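**Q** Take the sequences, apply the hints, and build the full model.
2 protein chains.
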Amino acid sequence: MSKRSSSSAVSTRSKLLDAGVELIRARGYNGTTVDDICTAAGVTKGGFFHYFESKEAVAEEAFTAFGEARTELFRTAPFREIADPLERIFARLDFEKSLIDSSAKTKGCMAGMLAQELALSRSEFRTACREYFDRVADDWAKDLAAAKAFYAPQASFDPRAVALFYLGIGQGSQILAKSFGNNEVRLANIEHFRTYLSCLLGVGTGSRAGQKRKASIGTGS
Amino acid sequence: MSKRSSSSAVSTRSKLLDAGVELIRARGYNGTTVDDICTAAGVTKGGFFHYFESKEAVAEEAFTAFGEARTELFRTAPFREIADPLERIFARLDFEKSLIDSSAKTKGCMAGMLAQELALSRSEFRTACREYFDRVADDWAKDLAAAKAFYAPQASFDPRAVALFYLGIGQGSQILAKSFGNNEVRLANIEHFRTYLSCLLGVGTGSRAGQKRKASIGTGS
DNA sequence: TTCGACATACTAACTGGTTGGTATGTGCCA
DNA sequence: TGGCACATACCAACCAGTTAGTATGTCGAA
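The listed protein sequences derive, respectively, from chains A and B.
If you read the first sequence in UniProt numbering, its first letter stands for residue 1, the second for the next number, and so on.
If you read the second sequence in UniProt numbering, its first letter stands for residue 1, the second for the next number, and so on.
Please note: incorrect hints may appear among the correct ones.
Which copy? The list can't say, so a pair holds if one copy fits it or any two copies do.
To be verified - Simulated pairs of lysine-lysine, DSBU-like, Cα-Cα distance not exceeding 35 Å:
(1) 55 x 97
(2) 45 x 15
(3) 105 x 45
(4) 55 x 105
(5) 142 x 45
(6) 97 x 15
(7) 107 x 142
(8) 15 x 107
(9) 55 x 45
(10) 55 x 15
Hints were generated in silico from the structure; no laboratory data involved.
All of these numbers come straight from a predicted model, not from anything done at the bench.
**A** If you want it as structure tokens, here you go:
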């Protein structure tokens, strides 16, 4: 955990973790060998086992690092500043879209990969994935609950269930994007979710329009 | 491809294919060994390589078999008889729900698993997955287009895009279900999609098909 | 200031088990 | 009696993990 002052600018340890994240996201846990990680990080086998006691250990720590990086990315993202809960949610959707490089091939979410591969065979990983999804869902549910309270307090939907709906859309869309070899479906599906939210909250929206959708919502209801 | 008349009631070949499907769905391609498949099928290594020239070959053929079984299951399902396109779609959603055993742990879709693991590293599998998703999406899009033409011809949504939205929901929900260890989220998310469809088609309480559905939104049941 | 004791951060080479795949039987039905 | 449908035995490559060793600190006592 503690920073080590090493000869290299980026510590060997974090190079191994980074390589682990990237390789596991791309090829999965079983598809990634310790040697792969070592090669990618420019470290020898012995160096690897100096820092991590097993392949499983890097994977776990790499997943933790992945989760923390994501949490931090979203915690400090500009949409957090927005006061209106629905605007904030829509801005978050825009933010997620901005993270999708439509030209590059998606590696996919590490949690989705680990869950897919390992949830049924290694309960430690299943638990870690569940905790990750729980955390993200909770964060979403907060904003959704706020938007509901403000725009449609009488609506019957459960914010947490809608959050999980969104998580499912995100995960599944990545699988489709991997199959199709491009990210259009991810962008399109985020827009479908936006439309769904508008519907749930009873706020009008041009179903496809990106940027101008907001104008009338703030004052009216 | 061709049926072989063998001594056993279920041919060794199809036992191997079945075992391949089940194991790959549960553990993934890289997490499944040839020996695993042999053991599960009650066949020795020699028997395996008598029928398949490589591990990759079983996986490909197993995936084809998986796709064909799914196609057949849906082709002959009762919802096909329903004339009204929206009722047919809703009945299809009910059918999908009926396939989800809420007590058992989901193994997950073979296409989703293969796409996740192999799409970036083995293009043959990526292509196979894309073709699978394309086929399913086309089938959905047909019904969605019919429903749109009948209930909301002026609506702006693209049936095919909505089909991919649903596929994404299904795939992603399976990942969440694996993580959480139960299928509630899959059932709930199908209901969210049903609600979304009602919204897109503008069938609220007033429509024939939408009528009996209106009650449950949000948390499962 | 320097030397000895020890720690950290690796490397190269190896080990034992596993994996996909092969070579070579063997029994059984036509 | 030939060949199909398997079984047994095996191999080479690969894999996670180990071992033994080295280079480079760090730190405290003389």
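**Q** None of the hints should be skipped; say for each whether it holds.
**A** Hints and how they fare:
1. With identical chains, the CA atoms of residue 55 and residue 97 are at most 35 Å apart within one copy only, with a shortest distance of 33 Å there and 38 Å across copies.
2. Taking identical chains as interchangeable, the C-alpha atoms of residue 45 and residue 15 lie at most 35 Å apart only when both belong to the same chain, with a minimum of 13 Å there against 40 Å between chains.
3. When the C-alpha separation of residue 105 and residue 45 is checked against a cutoff of 35 Å, the pair qualifies only within one copy, where the shortest distance is 29 Å, while the shortest distance between copies is 37 Å.
4. Proximity of residue 55 and residue 105 under a CA criterion of 35 Å is satisfied in both settings, with 26 Å inside one chain copy and 26 Å between copies.
5. In the homo-oligomer, the alpha carbons of residue 142 and residue 45 never lie at most 35 Å apart, since the shortest distance is 44 Å inside one protomer and 54 Å across protomers.
6. When the C-alpha separation of residue 97 and residue 15 is checked against a cutoff of 35 Å, the pair qualifies only within one copy, where the shortest distance is 28 Å, while the shortest distance between copies is 45 Å.
7. Proximity of residue 107 to residue 142 under the C-alpha cut-off of 35 Å is found in both arrangements, the shortest distances being 28 Å within a copy and 31 Å between copies.
8. For the identical chains of this complex, residue 15 and residue 107 are neighbours both inside a copy (18 Å) and across copies (34 Å), given an alpha-carbon limit of 35 Å.
9. In this homomeric assembly, residue 55 and residue 45 come within 35 Å of each other (Cα to Cα) both inside a single copy, at 11 Å, and across copies, at 29 Å.
10. Both within a single protomer and between protomers do residue 55 and residue 15 lie at most 35 Å apart by alpha-carbon distance, with minima of 15 Å and 33 Å respectively.
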